[in-house]
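Visitor: The chain contents come next:
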Amino acid sequence: MKFSSSGYLVKEGLKNIWNNRMMSLASIIVLVSCLIITGAAILLSLNVSSLISTIGDDNQINVFLDNEMSDIDSIKLGAQIEKINNVDECEFYSKDEAIKEFQSKLGNLYESMQGDENPLGNVYKVRLKDLSDYKDTIAEIKTIDGVTSVSDRAAIARTLTKLNYFVTLVGSWVVLILGVVTLFIISNTIKMTMYSRRFEISIMKSVGATNTFVRIPFIIEAMAIGLIAGILSSIVIISIYNPVRESAGNMISLIGTSTIPLEQIWGPVLLGFSGIGVLIGALGGFISITKYLRKEGGEILGW
Amino acid sequence: MIHLKNVSKVYSNGTEALKNVSLDINQGEFVFIVGPSGAGKSTFLKLLIHEEKATFGKIKVNGFDLIKMKNRKVPYLRRTMGIVFQDFRLIDKMNVYDNIAFAMRAIGAPEKTIKKRVNYVIAIVGLTGKEKCRPNELSGGEQQRVSLARALVNNPEMIIADEPTGNIDPKMSYEIMRRLVDINKKGTTVLIVTHEHDLVKEFGGRVITINGGEIEKDEKIDSKYFLDESVDSAEDSEEAEE
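Protein sequences, first through last, are from chains A and B.
In terms of the numbering used here, the first sequence has 221 at position 221, counting the first letter as 1, and numbering is strictly consecutive.
In terms of the numbering used here, the second sequence has 91 at position 91, counting the first letter as 1, and numbering is strictly consecutive.
Same shape as in the complex, but just chain A (with noise of 0.2 angstroms):
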C-alpha cells in the first residue's frame, strides 16, 4: 500500500461510518455499555485492593469501652493503654464526636441518638509501633477492663481480600463475556458495512486491489467505532466515579480508610478505554473482513 492512499482510505473509512450509521450507533451504544461494566468492575476492583493495602499498611487500631463507662474511668484506662510497650500513641476519642462523625457521615439515620441514647462508646484510637506485634498488642488490650472491643483491622483486610478475590474473579469473566459480546457486535457492524459494499469489494478486487487494501477502511471504521466507544464510556464512567465514590466514601472512611480520587483515575481511564476500544474494533474489522475475503470477496465474475 502507496503512503499517498492513506487519506483516502481513512475517508472512505470514516464515510462507512456515516453511510451505515443506524448500525454504527447500535455497535456504539452496546460498546459504550460493555466498556461502562468492564470499566466498573476494573475500578471496583481497583479500589477494593486500594482499601486493602491501606488497611493492611495501617498501624492504627480502635480500642472500643464500655459505653457506661465515665469519663474519668475512660482516661484513667488510657493511661493503662499507654503503659503497653507497642503502643506509640494513644488518642482518645469521645463518643460524642462519634456520633457526630456518624451523623455527619450517614445523615438523619443517627439524627436521634443523641446525649443518653448514643448507643456508641468512648473509643481510643491507638497507634503501634512495630506491626508485627500486632496480635499481641491487641490480646493484651483486651485483657484490659472496661475494654469491650477492638478493630481487628487485619479481619476487616481479610474479609476486604475475600470480596476483592470475588470482585475479580467475576470481573474477570465478566470482562472476558462482554468482550466477546463487544468483539461479536463490532464484527458484525463490519459485516453489515461489508455487504453493502460488497459490490465495491468485487470491482476492487476485479482491478487489482489487493486484500490489505480492501481491509483497510473496514478496520479504520471499526476502529473509529471503537474509539468513539471508548472516549463516550469514560466520560460517562470519569462523571458517575465522584458520586458513587463520595457516598460509598462515607461508608468506607468510617473504618479510617478512603477511595482512589478522580484525579487519579481520570487520565488511566479515558486512555485505557480508547485504546480497548480502538483494540477491539480493529480485532473485530480484522476478524471479519479477513473472514469475507477468504470466503465470498474472491468472487468476482461469479458475483
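Mixed in with the good hints there might be a few duds.
Said to hold, decoys possible - Using 25 angstroms as the maximum straight-line C-alpha spacing, the simulated DSS-like pairs for lysine-lysine come out as follows:
(1) B:112 / A:15
(2) B:93 / B:115
(3) B:73 / A:295
(4) A:11 / B:132
Calculated from the structure, these hints are not laboratory results.
Chain A is fixed; fit chain B onto it per the hints.
Guide: Okay, now just chain B, sitting in the frame of chain A:
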C-alpha cells in the same frame, strides 16, 4: 500473453467445465470466445483472472504462472487486465469520473495521476462532458462505455469483456465493439466472450468456439475493421455520409 496447456477444470460437485484445453493468445490479438450457455466460457475467463484454479494443466497469463502463483500475487495479475462486465457494474452513488477513478484509487494511485488519466480515458470512450453524471442518468451504451473506461484506466495489457453487449441495444453494441477495435489497434489484447454471432461475423478477428468444455473451433475471420487504416477512413466517411 495467454498460454494454456492441457487445462482441465473440475468443480467440487463433479462438473467438468473444461477438458484438456490448450491454446495460445498473443499480444495484440482481437479474440472472440463463443459457445452456447454452459459450454465453459465463464470458467475459461475465471481461470484467466484467477477467480478459479485449474484442476490440471498449465496456465500462463501476462507473464504470471497461474499454477505456481501465490494468492498475494493475484492483484498484480489483475492489474495487467481490464474487465468489462455485461451488467456494467457501475457504482450508483458515484458519478462517471469517480466510477472510473475508483479503479485507480483501488490500486493506490496518487490523485494527480488519477485526474490526468481519468480525463484521458473519458475522452477515449467519448464521454467528455458527462463526468458529473450518475450512471442512472446515462443510456445503456454510455454506461458500458464508462465500464470500458474503467477497464482501460489502469492501462492494462489485455481487456477481457464478458458479454459486453448483452444488455444494450444493437446500435450501442456496434458502438462498443468499435471502441474495442480501436483499443485493440493501439496494441491492447482484447478478449470478448459473446454469443452474438452477428457481431462476431461483423467484426471478425480470431474466433474460438468452446463447446462441452472443449475447443471446438479456432478460426480467423477477416473483416474490414482489421484490414488497414484505409478501411477506417472509408468507414468514417460512410458514417459521415449517414
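Visitor: Are the hints correct? Go through all of them and say.
Guide: Here's how the hints hold up against the structure:
1. B:112 / A:15: Measuring from Cα to Cα gives roughly 22 angstroms; hence the hint holds.
2. B:93 / B:115: holds (19 angstroms)
3. B:73 / A:295: holds (18 angstroms)
4. A:11 / B:132: Holds: residue 11 of chain A and residue 132 of chain B sit about 21 angstroms apart, inside 25 angstroms.
Against the hints set out earlier in the document, no violation occurs for any number.
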